[in-house]
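Fit chain to chain and form the complex, with the hints in mind.
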Amino acid sequence: MSIHFLFPKPAFSAGNNDQKDQDGDVDMFVRAQRDNFESKVVTPGQVITADTQYMRGHGTYLNEEESSHISSVAGVVERVNKLITVRPLHTRYTGNIGDLVIGRITEVTNKRWKVDINSRQDAVLLLSAINLPGGVQRRKTEADELQMRKFFAEGDLLAAEFQGSFNDGSTSLHTRNLKYGKLRNGSLIVVPPALVQRCKTHFHTLSCGVDVTLGLNGYIWVSKHSSKNLDELDPEAIYSNDNEPVDRSTRETIARVCNCINALSRHFMCITDTIIAYAYEASLKYPVKDLLKLEAMEFVTTEVRHKLSVVRSIY
Amino acid sequence: MAPVLISALEADYILKGIDDNLRADGRGRLDYREVILETGLITQAHGSARCRLGEGTDVLVGVKVDIGTVDIDGTEEEVATVKAKRGRVVCNVECSPIASQQFAGRGADDINNELTQMMSRVLNGPQGGLNLEKLCIIPGKACWIVYIDALVLDYAGNIVDTMFMTTRAALFNTQVPKAIIHDLGDGEVEFDLSEDVEEWERIEGWEHVPISVTLNKIGSRHIVDATPLEELTTEAKLHVMVNRNGKICGIQKSGSGSIEHSLLNEMVQTGRSLGQNLIISLDKMLLQEEYDINEKRMRNKPVEKLGFFAAT
Numbered sequence: 194m195s196i197h198f199l200f201p202k203p204a205f206s207a208g209n210n211d212q213k214d215q216d217g218d219v220d221m222f223v224r225a226q227r228d229n230f231e232s233k234v235v236t237p238g239q240v241i242t243a244d245t246q247y248m249r250g251h252g253t254y255l256n257e258e259e260s261s262h263i264s265s266v267a268g269v270v271e272r273v274n275k276l277i278t279v280r281p282l283h284t285r286y287t288g289n290i291g292d293l294v295i296g297r298i299t300e301v302t303n304k305r306w307k308v309d310i311n312s313r314q315d316a317v318l319l320l321s322a323i324n325l326p327g328g329v330q331r332r333k334t335e336a337d338e339l340q341m342r343k344f345f346a347e348g349d350l351l352a353a354e355f356q357g358s359f360n361d362g363s364t365s366l367h368t369r370n371l372k373y374g375k376l377r378n379g380s381l382i383v384v385p386p387a388l389v390q391r392c393k394t395h396f397h398t399l400s401c402g403v404d405v406t407l408g409l410n411g412y413i414w415v416s417k418h419s420s421k422n423l424d425e426l427d428p429e430a431i432y433s434n435d436n437e438p439v440d441r442s443t444r445e446t447i448a449r450v451c452n453c454i455n456a457l458s459r460h461f462m463c464i465t466d467t468i469i470a471y472a473y474e475a476s477l478k479y480p481v482k483d484l485l486k487l488e489a490m491e492f493v494t495t496e497v498r499h500k501l502s503v504v505r506s507i508y
Numbered sequence: 009m010a011p012v013l014i015s016a017l018e019a020d021y022i023l024k025g026i027d028d029n030l031r032a033d034g035r036g037r038l039d040y041r042e043v044i045l046e047t048g049l050i051t052q053a054h055g056s057a058r059c060r061l062g063e064g065t066d067v068l069v070g071v072k073v074d075i076g077t078v079d080i081d082g083t084e085e086e087v088a089t090v091k092a093k094r095g096r097v098v099c100n101v102e103c104s105p106i107a108s109q110q111f112a113g114r115g116a117d118d119i120n121n122e123l124t125q126m127m128s129r130v131l132n133g134p135q136g137g138l139n140l141e142k143l144c145i146i147p148g149k150a151c152w153i154v155y156i157d158a159l160v161l162d163y164a165g166n167i168v169d170t171m172f173m174t175t176r177a178a179l180f181n182t183q184v185p186k187a188i189i190h191d192l193g194d195g196e197v198e199f200d201l202s203e204d205v206e207e208w209e210r211i212e213g214w215e216h217v218p219i220s221v222t223l224n225k226i227g228s229r230h231i232v233d234a235t236p237l238e239e240l241t242t243e244a245k246l247h248v249m250v251n252r253n254g255k256i257c258g259i260q261k262s263g264s265g266s267i268e269h270s271l272l273n274e275m276v277q278t279g280r281s282l283g284q285n286l287i288i289s290l291d292k293m294l295l296q297e298e299y300d301i302n303e304k305r306m307r308n309k310p311v312e313k314l315g316f317f318a319a320t
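As you go down the protein sequences, you meet chains S and G in turn.
Per our numbering, the first sequence starts with residue 194, numbered consecutively.
Per our numbering, the second sequence starts with residue 9, numbered consecutively.
So here's chain G without its partners, still in its complex pose (with noise of 0.2 Å):
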């Protein structure tokens, strides 16, 4: 149960271990605790993907992608123009209230509005990665929209982390089904879908979706990937979102505290070097599950998503 209060000595403690590089249990100040990734376990979505960090965190993502009208009601016409060429993406994200008691009834209101917010202005910014341009199907008229809906099931710090993660990779398990457009003449197009399951494709971009890394300031160091309890001695908290190639694509800073301003540039730089590992590390991994999947898939033994059932 994640506690929501902590004892002075307590924090004291977490202070004086983070300030000699040892945390309360035996990291450094710039490690992760395992993670444990898995893909596709949900078969009516388009994309899925679940994460769990150490042995706490858990947050599943499914990805669908529907057809949707261009929303370009109340825009000036130079965007409107641009955005009729453009898919979108929708983000939602839920903290059940399984996850911990704070979560429970309007508890996690704030903190779901937040992380929502924080996604969708990752995703739908112009850093966002995904190919919009390839999601239109008529330009002013249809288009896919890509519903991101996030789970946090359990917590046990760092979800902004997990979070970009799981989407990272579910998106990187999406396919796309194909539209077929019918030029009727007079400017009349219509489309269809195609039946075929295998000429959906995997969305486009997913490999620029960026990542990001939460950097905690407790005292006058930085940590990477908290407990509940280190966050709670946290002073203030920046979320660095790294793409692949090193660049920074959104920063966001939240708590109380203050931030000075070498530390700022220090933490910015770490959470990209930071980032930019944790990218290669996940498309490795990623990679390597999907080539497994297809051994198996050519060898015609069974695939199983082992899902929720899985033992660790």
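With the rest of the complex left out, here is chain S (with noise of 0.2 Å):
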């Protein structure tokens, strides 16, 4: 019932970057790469590199003289071959054919749903491209044309798939997979989609009995466990607005797990399954609504940080 107060915290200063082992080594690896700009960290207006051997990609673009390539955005030089590009840390989405997104409907027009990916445009989804209940390959009828507000209405959070893009730039999704759909049972994160990381499935069950699906896009959910197989899905539960009864147990786990990965975004962590386990289990210290707390969020990446640096050193 008590309200917390605190005073704000000086930025770190940015000068120790030789971190000196016990016997006063430094490490030369991180050196070298440091005189070669690549995955060197840019600000808008850097001078990346003044050689004008390079072509310039996006994010970059010649001084006045036509001597150096500068930084137009704030993120990681990213070279190949001959083409420089600077990678922005926090940007919009911009998806690849494939990718899983976490969408929420916003319109609902004729024949298609508008959906926004939080990118630069609401993605569409055609009508033709969900399932129907009735049967996966059932032809859509006049009668679904109007009442598609019956599959998916307006603020309604789905799973979807990158399907490809119009030729204006606005992209399509579509839900041809029993997996992708409506999503219940949990709650929605956001985070930067820089963080989310590409791998080969985005659907992960965690130790802790909760679901958590990684959107590309930016946005997570994290939802009670649905143990039930895919085949035994009913095509007409797929859309019905009723979640299943939560017990206070999944409830906390469930917030637990979405306050470390608002932890893991705040400071800037990759998000993945095994990122958020090691998260999950550094977080049960603190009772689940003071991982809201700075310091907590501090400890929690801070041993996450710990343990991904242990793994790595076994390889």
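No lab work stands behind these hints: they were computed from the structure.
Possibly wrong hints are sitting among the right ones.
As the list claims (entries may be wrong) - Calculated cross-link-like contacts (lysine-lysine; reagent style DSS-like; alpha-carbon spacing at most 27 Å):
1. G:K304 - S:K372
2. G:K304 - G:K72
3. G:K292 - S:K202
4. S:K486 - G:K72
5. S:K375 - G:K24
Structural data, given as structure tokens:
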């Protein structure tokens, strides 16, 4: 019931890049990387290289005298042969075909839905691209067109796959798989899209008993574990607007995972299922609501970093 | 990005969670998020403060005091005589479009108006706290006008509470220049502003300025400090303004739902007790900050206001 007040904290001093270990040795690999501009983090207006042999890609421009490449966004420099690009850290989601995204319906229009996927434009979900109840291969009828809200109404959250782009740059989605569709029994967390890595599958079940769906556009859905096999899923029920009952301990676990993901995103760490699992274990020290506090978040993220460095040093 | 839409399934999940006293982020119904507070970050203003609630809602308040004429045109004589001997408070609240997509373009006009009126009503009202009589320089002619400008920089729910907390902190930080009155005889009075910054005084009555507690009715329960998704499932909101002595200085209801009589009573009492706790913590924090600054000054150490360069 009590409220906590804090003072603001100063930023870290950016001078200690040379970390000496106990023998006083400096990691030369890091030093070598820094002399080469690849993987360097740059800010808008910073000079990337004065070498004009490179071609400039997205996120760069040539200065007035045409003598050096300057970055126009805040991000990481990437080089492919002679092409320099800067991949921004905070950017809208730009999709690739086959990506799993989580979206929210913003509009219901003629034979299609407009879906917000945290991108520059709303994506389009065609009526012909969803699973219709009554059999996966059923053809759409006129009645379906008139009852589109029966499937997805405004505000609904769904998991879909990126199908392709239209000529004007807008993207199209499909949910033609029983694992896609309306999301239920859980809550949504929004993180920067750059933190979600592409991997084999985006539907994870954590050992603590919750399902995490990592949308590549930065929307993450944490929900109660659905133990139903995909074949047993009733096609009628996939569009229902009812939640299953969620008991208190599952709710707590979901809240804990949500707070962990939040802590990771605040400290700009990658989000994958193993990292979430590490963060979850580290967070068990605190009660769930204390994970909203800054010191708890810092503890969790330092623990995760520590575990990751341990794992890396083994390989 | 704050959502403007919510799905029925999410709303149901939130509703059931609140029923069970376990919200989506693990808080109980009456738990607040952490607040990061700093005062005095705007050097050109007479007083300023910035509050960040959770990692979301960010409100910056600047207070400027300016000489103005007393506004008694068109009021009856009794009211005019009272007004002639007081200063006044002019509030302005602006929700910046960077806070949320729903504030872009004209979207913020309604909420700006609502918040401005709310602040104005409370601070100019009889329970506003500030000693308006002390702000009068020459009765009937010149007075101090306190301009309070609040800017909402980021939105993650619960703007009203943050706004009032920050205003109280900014008023704590406000220093009013001293006006020296010269009596020229024949009823003519003139005044001058003292050049000495040391003679500036803290605005009187800041400790009686009320803060607000917003209670959101969801289902049959109520919560404080709602996140944007919780605010979308709210049927009715009750803003309860409480001052240091536990007196209720204002109540405002918004939202299209209704509140039953017994629930209304309960909500007001909850708001009152939470409000008092809030004021105690806030005051402790403000006094601690001032003490730290004075300590640093005494030891000749530089006093740094982090302002927008703070890491957290």
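Check the structure against each numbered hint from earlier and tell me which ones fail, lowest number first.
1, 4
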